[in-house]
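Chain residues, written in single-letter form:
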Amino acid sequence: MDWGLWIMFSILVVMVVCVAIISNRRESKAAQDGIFDERQVKIRGDAFKWSFIVMVVYYMAYAILISFTNDGLGAPELMIFIGLELGLVVCSVYCILRDAFIAINRSFVFIVVMVICCIVAQLIGYFRERIQGALLIEDGKLTSTCLPLSIAFSFGIILVALFVRRHYQKREEQNEA
Amino acid sequence: MKNLKLKAARASLDMSQEELANKIGVSRQTISAIEKGDYNPTIKLCISICRELGRTLDDLFWE
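Protein chains in written order, with the numbering used here: chain A, 1 to 177; chain B, 1 to 63.
Looking at chain B on its own, in the form it has when it is part of the complex (with noise of 0.2 Å):
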């Protein structure tokens, strides 16, 4: 299932793949991947996402 809540909190930072997975320390490829929900991320990884973006894990990885 896509990660659209993902995608809106990045786009609405002006945020691209690129510079997010630079941020976290994954690849560009991974960011992608869990926005179009091929890959769920680890626990720690959603935490680094949320911090990133300034979210909670509620606002970005609860359904």
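If we strip away everything but chain A, and leave its shape as in the complex, we get (with noise of 0.2 Å):
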């Protein structure tokens, strides 16, 4: 295995141990007091909801795409998980800007950390990929060297709306003071 595979590797069981140790403590604590939002829930079930309906508009999109030019925009595996990644950050920015995505008793910082981490393993597997002499595009069609890069692409999304929920929740805050 080369270098590259074993950072990623690394940063997987980093990213594991780190949630595995922070969701037991901190849900003991939330499971003791009873908390959770009424308000995030709802957030969170009207964000599956429109997750489902565009992953299902973009499967039937992409049916008929193949059905009517017997060929895809790219490798089969990449149009599926982008179908999937699509899903993901719907749901994601859906919650973050209604302020449903950060349970309570979670840290921000925690999270962001997360999707950072998310975000450098798939660059350094998309960038050896491309060392390794792996092609974005051949015979007019996304390769599938193109996934590290697309999963890169949703999680930095979600970041960028993270930072910029912030920056309002944090300007609301100060006008309620």
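Hint data in this document are derived by calculation from the structure and do not stem from the laboratory. As the structure is a computational prediction, the values presented were derived from the model and not from experiment. Heads up, the beta-carbon is just placed ideally off N, CA and C, and yes, glycines get one too. Honestly, I wouldn't trust all of these hints.
[Said to hold, decoys possible] Label-pair ranges, simulated between beta-carbon atoms:
no. : chain 1 : residue 1 : chain 2 : residue 2 : range
1   : A       : Val14     : B       : Cys46     : 42 to 48 Å
2   : A       : Ile137    : B       : Ile43     : 56 to 62 Å
3   : B       : Glu63     : A       : Gln174    : 29 to 35 Å
4   : A       : Leu65     : B       : Glu63     : 52 to 58 Å
5   : A       : Ser107    : B       : Ala11     : 27 to 33 Å
6   : A       : Phe9      : B       : Cys46     : 48 to 54 Å
7   : B       : Asp14     : A       : Leu123    : 47 to 53 Å
8   : A       : Val112    : B       : Ala11     : 29 to 35 Å
9   : A       : Phe153    : B       : Ala11     : 43 to 49 Å
10  : B       : Thr42     : A       : Pro76     : 42 to 48 Å
11  : A       : Val112    : B       : Asn22     : 17 to 23 Å
12  : A       : Tyr168    : B       : Ala11     : 21 to 27 Å
13  : A       : Phe153    : B       : Thr42     : 36 to 42 Å
Assembly of the complex is requested from the two constituent chains, each provided in isolation within its own frame, with the hints serving as guidance.
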């Protein structure tokens, strides 16, 4: 295994361990206090609905495109993953913009670090493939090399949404004070 | 419709949205949304707010 895969694997292990430790600690505290925010739960339900609708529309459009042209825009695994990423981004951004993404007792910094770790891991994977000579486009179609780049881009959108919302949230807090 | 009664009750206790939210166990944005009239809380949350502010449901949530 080359260095790039080792780094990606290490980042993944660190993320899983961090999530396991922090989730256990915080969830046990939240469970003791019986804390949950009903507004956030409602918004998350709406977000799941919209992400589902977006994914269904995307896969329908992709199926129609393939049936008419007998050819997709890129590698099948890439196109399938883009659908999943669309759902993830819609759900996350909907929740972020309505203050339902970060649960009570959860740290903003922790979420941001996790998202950044994911982006870094994906970019390492992308550059590793590029160094090995993989192409982004072959025969006029996107290749699966675009996959880590598209995942990094999706999480990048989520990261930007987090910071934008944070900015407006601080302004709201100042106005309230 | 804005819930000015809730805002006034909270202000009379010199309590910020953040403090009230922490005591009830919801996010600050939820308190803000209730005060702005953007969110209709459940009866359970209304009772929690009333208990924390020492008011009745009629005082804070009846028009």
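Inset, instruction - Kindly confirm whether 27 to 33 Å is satisfied by the beta carbon distance between Ser107 of chain A and Ala11 of chain B. - result: Distance hint for Ser107 of chain A, Ala11 of chain B holds at roughly 29 Å.
Legend entry - Hint check for Cys46 of chain B and Val14 of chain A - Cβ pair distance inside 42 to 48 Å: 43 Å Cβ-Cβ, so the 42 to 48 Å window holds.
Legend entry - C-beta pair Phe9 of chain A, Cys46 of chain B: status relative to the range 48 to 54 Å that was hinted: holds (50 Å)
Inset, instruction - Determine whether the Cβ-Cβ distance between Val112 of chain A and Asn22 of chain B falls within the hinted range of 17 to 23 Å. - result: holds (22 Å)
Inset, instruction - Can you let me know if the beta-carbon spacing of Glu63 of chain B and Gln174 of chain A is within 29 to 35 Å? - result: holds (31 Å)
Inset, instruction - For the range 43 to 49 Å, tell me whether the beta carbons of Phe153 of chain A and Ala11 of chain B fit it or not. - result: holds (45 Å)
Inset, instruction - Starting from the range 47 to 53 Å, see whether the pair Asp14 of chain B and Leu123 of chain A falls in it by beta-carbon distance. - result: Distance hint for Asp14 of chain B, Leu123 of chain A holds at roughly 49 Å.
Inset, instruction - Given the hint of 42 to 48 Å, check if Thr42 of chain B and Pro76 of chain A actually sit that far apart at their C-beta atoms. - result: Holds - the Cβ-Cβ distance for Thr42 of chain B and Pro76 of chain A, about 45 Å, lies within 42 to 48 Å.
Legend entry - Distance restraint evaluation - Val112 of chain A, Ala11 of chain B, Cβ atoms, bounds 29 to 35 Å: holds (33 Å)
Inset, instruction - Given the hint of 21 to 27 Å, check if Tyr168 of chain A and Ala11 of chain B actually sit that far apart at their C-beta atoms. - result: holds (23 Å)
Legend entry - Outcome for the supplied range 56 to 62 Å, where the beta carbon pair is Ile137 of chain A and Ile43 of chain B: Given a distance of about 58 Å, which is inside 56 to 62 Å, the answer is holds.
Legend entry - Range agreement (Cβ of Glu63 of chain B with Cβ of Leu65 of chain A, hint 52 to 58 Å): Because 53 Å falls inside the window, the suggested range holds.
Checked against the numbered hints listed earlier, the structure breaks none of them; every hint is satisfied.
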